[in-house]
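Chemist: Listed below are the residues making up each chain.
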Amino acid sequence: DTAVSQTPKYLVTQMGNDKSIKCEQNLGHDTMYWYKQDSKKFLKIMFSYNNKELIINETVPNRFSPKSPDKAHLNLHINSLELGDSAVYFCASSPGLVGADTQYFGPGTRLTVL
Amino acid sequence: AQSVTQLDSQVPVFEEAPVELRCNYSSSVSVYLFWYVQYPNQGLQLLLKYLSGSTLVESINGFEAEFNKSQTSFHLRKPSVHISDTAEYFCAVANFGNEKLTFGTGTRLTIIP
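Chains as they are written, first to last, in our numbering: chain A, 1 to 114; chain B, 1 to 113.
Hint data in this document are derived by calculation from the structure and do not stem from the laboratory. Incorrect hints may have been included.
Sample of chain A residues lacking proximity to chain B, with all beta carbon distances greater than 10 Å (derived) [as the list claims (entries may be wrong)]:
id, residue
1, 12
2, 29
3, 65
The list that follows gives simulated cross-link-like pairs (lysine to aspartate or glutamate, EDC-like), each with its CA atoms no further than 20 Å apart [what the hints assert, rightly or not]:
id, chain 1, residue 1, chain 2, residue 2
4, B, 100, A, 101
5, B, 49, A, 101
6, A, 41, A, 58
7, A, 52, A, 30
8, A, 71, A, 82
9, B, 100, A, 58
10, B, 100, A, 30
11, B, 100, A, 38
12, B, 69, B, 20
13, B, 78, B, 58
14, A, 52, A, 24
15, A, 9, A, 101
16, A, 41, B, 85
17, A, 52, A, 101
18, A, 44, A, 70
19, A, 41, B, 8
20, B, 78, B, 20
21, A, 9, A, 30
22, A, 52, A, 70
23, A, 44, B, 64
24, A, 67, A, 85
25, A, 40, B, 8
26, B, 69, B, 58
27, B, 100, A, 82
28, B, 49, B, 66
Built from N, CA and C at the ideal position, the CB exists for glycine as well.
Based on the sequences and whatever the hints tell you, model everything.
Modeler: Here you go:
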């Protein structure tokens with residue numbers, strides 16, 4: 001059973017389009033995250049949600065809008081895609097809000113904006 | 001604010017040789033420290049973590065890391081590497097009382113047969 005799953009795995013689209021990435025976890029965790037990994041493998045947190053409530057919102061353009069319909073799902077919608085949005089986006093989850101918690105990562109979604 | 005520095009972006013090592021991947025952190029408060037591993041085309045997974053207690057922590061596949069508070073370091077070591085250890089290794093830090101995890105820029109470990 002996949003613990004943290006993301007769809008799609010690959011996403012190729014044109015500049016200016018709107019796209020969504022979906023994430024689901026079956027671990028029963030309360031907290032979910034979105035990370036962006038750039039071409040140099042640098043991993044940076046974008047958002048975190050705890051029980052559907054937004055906790056962390058890093059300096060991310062407001063073209064990015066996370067949505068958590070329930071605590072097992074955290075989706076990422078991106079409006080007006082730009083070339084610089086090309087990256088691998090990882091979803092992750094953890095049991096709670098404690099920094100000591102292990103985070104469990106999904107397989108990633110490789111977004112390419114042409 | 002916390003930060004992590006991984007000085008080596010790439011480390012090539014011969015199979016069965018020892019390896020050390022360096023990690024230094026900066027924080028004004030006590031920290032939790034982690035090493036995550038990313039195998040090719042996969043997500044990250046936890047390798048080991050230091051929360052408190054013994055400063056030497058071990059993973060199930062032979063890696064170990066030692067927390068050194070005076071040097072603010074958490075270097076990762078393995079006495080004998082295998083081809084299957086080829087991966088990107090990320091050091092990460094979280095401050096006490098803060099759920100945010102900050103990652104280093106990663107070290108690519110390449111094993112030479």
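Chemist: Give a verdict on every hint.
Modeler: Each hint, compared with the structure:
The Cβ of residue 12 of chain A lies farther than 10 Å from every Cβ of chain B, with a closest approach of about 17 Å, so its non-interface assignment holds. Its beta-carbon lying about 12 Å from the closest one in chain B, residue 29 of chain A satisfies the requirement of being farther than 10 Å from that chain. Here residue 65 of chain A stays apart from chain B, with its beta-carbon at least about 20 Å from theirs, past the 10 Å limit. Taken as a hint, the residue 100 of chain B and residue 101 of chain A pair is honoured in the structure, with Cα atoms around 10 Å apart against an allowance of 20 Å.
Our distance criterion of 20 Å between C-alpha atoms is met by residue 49 of chain B and residue 101 of chain A, whose separation comes to about 10 Å. At roughly 18 Å between alpha-carbon atoms, residue 41 of chain A and residue 58 of chain A fall within 20 Å of each other, so this suggested pair holds. Distance restraint check for residue 52 of chain A and residue 30 of chain A: the Cα-Cα separation of roughly 8 Å lies within the 20 Å cut-off, and the hinted pair is therefore satisfied. A threshold of 20 Å between alpha carbons decides the hint, and for residue 71 of chain A with residue 82 of chain A the separation of about 29 Å lies outside it, so the pair is violated.
Taken as a hint, the residue 100 of chain B and residue 58 of chain A pair is honoured in the structure, with Cα atoms around 10 Å apart against an allowance of 20 Å. At most 20 Å may separate the alpha-carbon atoms for a hinted pair to count; residue 100 of chain B and residue 30 of chain A meet this at roughly 15 Å. At roughly 19 Å between alpha-carbon atoms, residue 100 of chain B and residue 38 of chain A fall within 20 Å of each other, so this suggested pair holds. For the hint pairing residue 69 of chain B with residue 20 of chain B, the CA-to-CA distance comes to about 18 Å; that is within 20 Å, so the pair holds.
Between the alpha carbons of residue 78 of chain B and residue 58 of chain B the distance comes to roughly 10 Å, so the proposed pair stays at or under 20 Å and holds. This hinted pair checks out: residue 52 of chain A and residue 24 of chain A have alpha carbons roughly 13 Å apart, not beyond 20 Å. With a C-alpha separation of about 26 Å, the suggested pair residue 9 of chain A and residue 101 of chain A falls outside the 20 Å cut-off, and the hint is violated. This hinted pair checks out: residue 41 of chain A and residue 85 of chain B have alpha carbons roughly 18 Å apart, not beyond 20 Å.
For the given pair, residue 52 of chain A sits about 18 Å from residue 101 of chain A by alpha-carbon distance, which is consistent with the 20 Å threshold. Distance restraint check for residue 44 of chain A and residue 70 of chain A: the Cα-Cα separation of roughly 24 Å exceeds the 20 Å cut-off, and the hinted pair is therefore not satisfied. The suggested pairing of residue 41 of chain A with residue 8 of chain B holds, with an alpha-carbon distance near 13 Å, which does not exceed 20 Å. Only pairs whose Cα atoms come within 20 Å are accepted, and residue 78 of chain B paired with residue 20 of chain B is accepted, the gap being roughly 7 Å.
The suggested pairing of residue 9 of chain A with residue 30 of chain A is violated, with an alpha-carbon distance near 24 Å, which exceeds 20 Å. Note on residue 52 of chain A and residue 70 of chain A: the hinted pairing holds, with a Cα-Cα distance of about 6 Å set against a maximum of 20 Å. Between the alpha carbons of residue 44 of chain A and residue 64 of chain B the distance comes to roughly 25 Å, so the proposed pair goes past 20 Å and is violated. Pair hint residue 67 of chain A plus residue 85 of chain A holds up; C-alpha atoms about 18 Å apart against a cutoff of 20 Å.
Using a Cα cut-off of 20 Å, the hinted pair residue 40 of chain A and residue 8 of chain B holds, with the two alpha carbons roughly 13 Å apart. Pair hint residue 69 of chain B plus residue 58 of chain B holds up; C-alpha atoms about 18 Å apart against a cutoff of 20 Å. Among the hinted pairs, residue 100 of chain B with residue 82 of chain A is inconsistent with the structure: their alpha-carbon atoms are about 27 Å apart, more than 20 Å. The straight-line distance between the Cα atoms of residue 49 of chain B and residue 66 of chain B is roughly 10 Å, inside the 20 Å bound, and the hint therefore holds.
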